[in-house]
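Peer 1: So you can see what is in the structure, the chains are spelled out below.
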Amino acid sequence: MICEEVKINLHDYVDELLDELTKRDVEYHIRNCDLCFKEYQKMLAFFERLRLLPVVINPPKEIIEGVKSELMNIRGASFVPDVNVTPRNARKIAKEKEKQEKKLNKERAVVRKSLVTKRIYKKPYSKGPSVELKRILYTAIPLALIAFGYFVYDFQKYNYPWQVVSIAGNHTVNGRADKSDKWDQGETLSTDDQSKAIVTIPKVGTMEVGTNSLLVLDRAKDGANQVYIKKGSVSISNTEDMPDYSLIVDGFEIIDRGGKFELAAGSSLGAILKVNFAFVEIPYNGNSFMIDENHTCVLRKGKRPGTPIHVKASDSLRAAVELFDFGNGGEASVERIISLAKEEDMLTLLSLIPHVQQLQRQILFQEISNRFPPPENVTRAGIIRLESEMLYRWWEEIEWQL
Amino acid sequence: MKMELRLQLLIEGRLAEENTTYINYLIEISKSGRQRGYLDLCEIITPNIFTVVYRLVDNLEMAKKLTVKALMQGWMEIKTLSSNKPFVEWIKNIAITHSMEKLIEKNLIVPMVLEQNDINSAGNDLESAIKNLPAMNRVIFVLHDLEGYSYQEINRFFPELIYDELKTNLIQTRQHLIGSITR
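As you go down the protein sequences, you meet chains H and L in turn. So that you can map any letter, position 372 of the first sequence is 372 in the numbering used here, and since no number is skipped, the others follow by simple counting. So that you can map any letter, position 165 of the second sequence is 165 in the numbering used here, and since no number is skipped, the others follow by simple counting.
Simulated from the structure, these hints should not be mistaken for lab results. Errors might be hidden in some of the hints.
Said to hold, decoys possible - Some but not every residue of chain L turned toward chain H, in silico, with C-beta under 8 Å:
1) I44
2) E127
3) L177
4) T182
As the list claims (entries may be wrong) - Covered stretches of chain L (chain H as the covering partner; in silico rule of three or more C-beta atoms under 8 Å from a C-beta of chain H):
5) 25-39
6) 135-147
Stated by the list, open to error - Calculated Cβ distances over 10 Å to all of chain H for the following chain L residues:
7) M62
8) N107
9) L108
10) R156
11) E160
All C-beta atoms, glycine included, are put in the ideal place defined by N, C-alpha and C.
Take these sequences, add in the hints, and give me the full structure.
Peer 2: Listed below in structure tokens is the structure:
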């Protein structure tokens, strides 16, 4: 890398936009080039100066006065202009202002950039082509060996073809009546209204394929087995505690976490997942939804995974949960769900808490507490604040009692 | 593993960790129509909002008006604020949008060549050097380096600029400012 490239890349370095390799090249060059090191020091000084800029500029009083006067102009206002801020409120506000300022001081972008710029240190180093060559060899040879080893290791993880056996009628693979009982990666497996089949998934277990199903074996590889379900139903039964297997349906990935579960897809109402034993995981928007045994969940394209419902839940409760999840039922649905919920539906109520407003969280808290008091160290305030540790402890406390 | 995964059953979306309990309380009562509560909220966040607006528009009167406008829009729309959204970020986005609209309306967002004499009056004061930048350079710099917006986010305000142009503009501004403090 030449000096001109380093000068440009230095900005991307500060913005953390460089890939690992380029970043190391920039760092290496700067450590070993006096001119670039000086440039780098200038940038370091600049971001340090920038960090010292006032976090906030004191706003003129007219702003709050302006908002106050505009609020008073609004018809039907409940605002009473003569009421002064009580000393207690004033203290709270001042404290909050301080909190906001501290937060800004700690988290604002420039603080991070000033930290990034401090990562490079000058190292006395004698430059020369032989050193450069040595560096390349020292880096490249082990990398090439590691890459080759990884390739061999990765290749032996492919486990297709999978074995398929018809248990009723005849299944087809890639549209042809299958005589070989083999299902290869990239092929489709289909059944008609008379046929069913059982697939053996290496190091996972078995998958029973129901009638009128169409599946694609997307990846047959230990650690990353994956099947697309276009329509129909499957029932998974694991022989391993931690299987590496997932199903894709309607844009959702359903990760097998052991146990047994069923999935029916292709309906206009979305796919229906039913967990019979242990649990499954559904990643969604960077989070994971866990569906526990004896619970069902509706998966509708373009929506978040539905709230888990106990298999014994009444039809009315199911309808209310569906309205909340997919029909913009809002607060009225939550009230209905609470009124219909029985003891076995407490995990459903608990799962609703992160999706409702604060006031309803309190009602849900009370409702669940009446049947399953929160365990030690789980508080109302913590649950309302959606503290994950507390939500989990309570969930565990309820789960073993159901 | 199982326990960690189960833990997430109950958590969806980004939690409103950025809002403190008191701010969440003020948001709730503001949503129920209590203007006193909203005014308290404004007291708390105004320094933060005013600072970014003032740095963007570099005009005290304009900054005051834009801050009030943003806070009032916040009041009108607070019922739509999702419970998992940081309130300050929400209002700040409104304020930045208004500031950008105003700068565009006044034809201040135009590419300009940075010249060394632009910062002569700034001396060694970085805040003044930033203020003295041409509006377009200043806005890109403030949004990216002080407010932490990504190039993609800034691009929403400058749809006519491509990614590389934004980046070049920022690099030139930084070099210009580095020059101003090392002269």
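Peer 1: For each hint, tell me whether it holds in the structure or not.
Peer 2: For each hint, the structure was consulted:
no.: 1; hint: I44; result: holds (4 Å)
no.: 2; hint: E127; result: holds (6 Å)
no.: 3; hint: L177; result: holds (7 Å)
no.: 4; hint: T182; result: holds (6 Å)
no.: 5; hint: 25-39; result: holds (count 7)
no.: 6; hint: 135-147; result: holds (count 4)
no.: 7; hint: M62; result: holds (12 Å)
no.: 8; hint: N107; result: holds (26 Å)
no.: 9; hint: L108; result: holds (20 Å)
no.: 10; hint: R156; result: holds (17 Å)
no.: 11; hint: E160; result: holds (22 Å)
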